[in-house]
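**Student:** Since chain V is already given, all that's left is putting chain Z on it; use the hints.
Protein chains: 2
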Amino acid sequence: MAAGFDIERYRLDRKEKVDLADYDPGDKGSFKQKEDVEEAMERMKRQLEEMQEMLYASKTHGVLILFQGMDCSGKDGVVAKVLSGLNPHGFRAESFKQPTGEEAAHDFLWRAHKVGPARGMITSFNRSYYEDVLITRVHGTIDKKEANKRLKHIQQFEKHLADSGILVVKIFLHISQDFQLGKLKERLENPKKLWKFDPSDLAERKHWDAYMQAYEAAFKATGTKTNPWHIVPANHRWYRDYVTLGIIVDAMSRLKLIYPVVEIDRSSIEAVAAADE
Amino acid sequence: MAAGFDIERYRLDRKEKVDLADYDPGDKGSFKQKEDVEEAMERMKRQLEEMQEMLYASKTHGVLILFQGMDCSGKDGVVAKVLSGLNPHGFRAESFKQPTGEEAAHDFLWRAHKVGPARGMITSFNRSYYEDVLITRVHGTIDKKEANKRLKHIQQFEKHLADSGILVVKIFLHISQDFQLGKLKERLENPKKLWKFDPSDLAERKHWDAYMQAYEAAFKATGTKTNPWHIVPANHRWYRDYVTLGIIVDAMSRLKLIYPVVEIDRSSIEAVAAADE
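The listed protein sequences correspond, in order, to chains V and Z. Going from the first sequence to this note's numbering is simple: count from 1 and add 34. Going from the second sequence to this note's numbering is simple: count from 1 and add 34.
It should be emphasised that the hints constitute simulated quantities derived from the structure, not laboratory data. Please note: incorrect hints may appear among the correct ones.
Identical chains share a label here; the pair holds if one copy fits it or two copies do between them.
To be verified - Cross-link-like lysine-lysine pairs, in silico, DSBU-like; alpha carbons within 30 Å at most: (1) K179 x K93; (2) K93 x K217; (3) K186 x K79; (4) K240 x K131; (5) K290 x K230; (6) K254 x K131; (7) K254 x K178; (8) K93 x K148; (9) K183 x K219; (10) K148 x K230; (11) K226 x K115; (12) K227 x K115; (13) K178 x K290.
All of these numbers come straight from a predicted model, not from anything done at the bench.
Next comes chain V alone, as it looks inside the complex:
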């Protein structure tokens, strides 16, 4: 689909053991710089917009694009860069923060299910129910057994979505620890970014390896043929955007969307013309 990188390379769809150390967050495919992918980006954006229009018109499928990644991996940024050109009436960006009282009182899939895409719509998730097997596992709120149980529920939930016409595109934005440190410093030094700085992000850095292990377990348990995971190298923002867009366009192309065939009484054409009389 998108030239210059092989989507298969970044795809996890066999429930196999994954070692994130095998994936280079600084990967740039066969490219050197942003300018090398600009033309392809524009072309793919047009494709995506056309497919969104057909999706919205036909209402045969919905699309859920789920982003996970460490702090500073660019989950907000990728949505702004790759998806902001979509027609806002057919697209929603959802984020999941600390659960509210009502959310925490429900099962862990409830709040995400509630705001998932209807057929005809595209919804992006900035974080998701995967946090319930990541942060909880890292901080010991749940044990391995409970995590495995939840992962089974997640896999079944995503299968249910697929069976209901919802395409689930799962993307992990992969950055290095050094890259994150640089970004945190940038926030501190730029008055326009200082408001994004949260001291607790620093504390989380200590758990980096535990997070990677929790992610690897999640990929292994839920990276299926129908609902694969994608590990997107994200140290280079432009390459992150390029690969992400390529993955989305590739996945949506396979839905083979078309404009709905509308049966219309052609005499209404004359009625239109006569309507002013």
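**Tutor:** Coordinates of chain Z only, in the frame set by chain V:
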């Protein structure tokens, strides 16, 4: 704010009697064509994006941009053209269709209130609670007395929003009857647009004058200094986009948004640097 048109000309903020026949839907200000406004559009879009970032960061205000207009007036289009560049995490496009059972069982402001913007957010409304004094009035579901009562509730509701930090920007997209006919024909002739065609739109054309009167009554009752109405000429799509963007940028500028002043323990900078040790 935006050069080449005087916002005051399109603004209704004195609860005065309005005659829509005084407003030319084909107005192009002092311009001839799209190219004349392109540079200003780009500049205003950058301004809007910067203001959105400050709005999102400071969370002192929210922004509700409400679009009303006849079928084919371009309510969807203006959102796609003017607002699609916004950061999706801080923006939502809501539309109001035929009320569901649950919605109809509540008061007429309920469903809109529920999805209005939080502070920090921008929300656009494609149609709104104004339909409850328009379509209902035109079809005689409510009488004049009931309409006037509802208009008072609307004015008070919008005042409540303003008092709570929500900027309400109200825009009526003004087209001519002939223009609408042309657009309906276009839908019939273009296979990519046929799905948008709804025969009932034709029937509604017969009530054009009654709609204009219902709109005029709504403008008179709710066009206040704090929450004015704007009548945007919409026969020329590019001029519609230009004036709409100008109105939004002008209104948001007056909020005098700034990035929040964050008090931060500067020793955390060193902590960042040391976090990897």
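**Student:** Return the numbers of the hints above that this structure violates; sort them in rising order.
**Tutor:** 1, 3, 9 and 13
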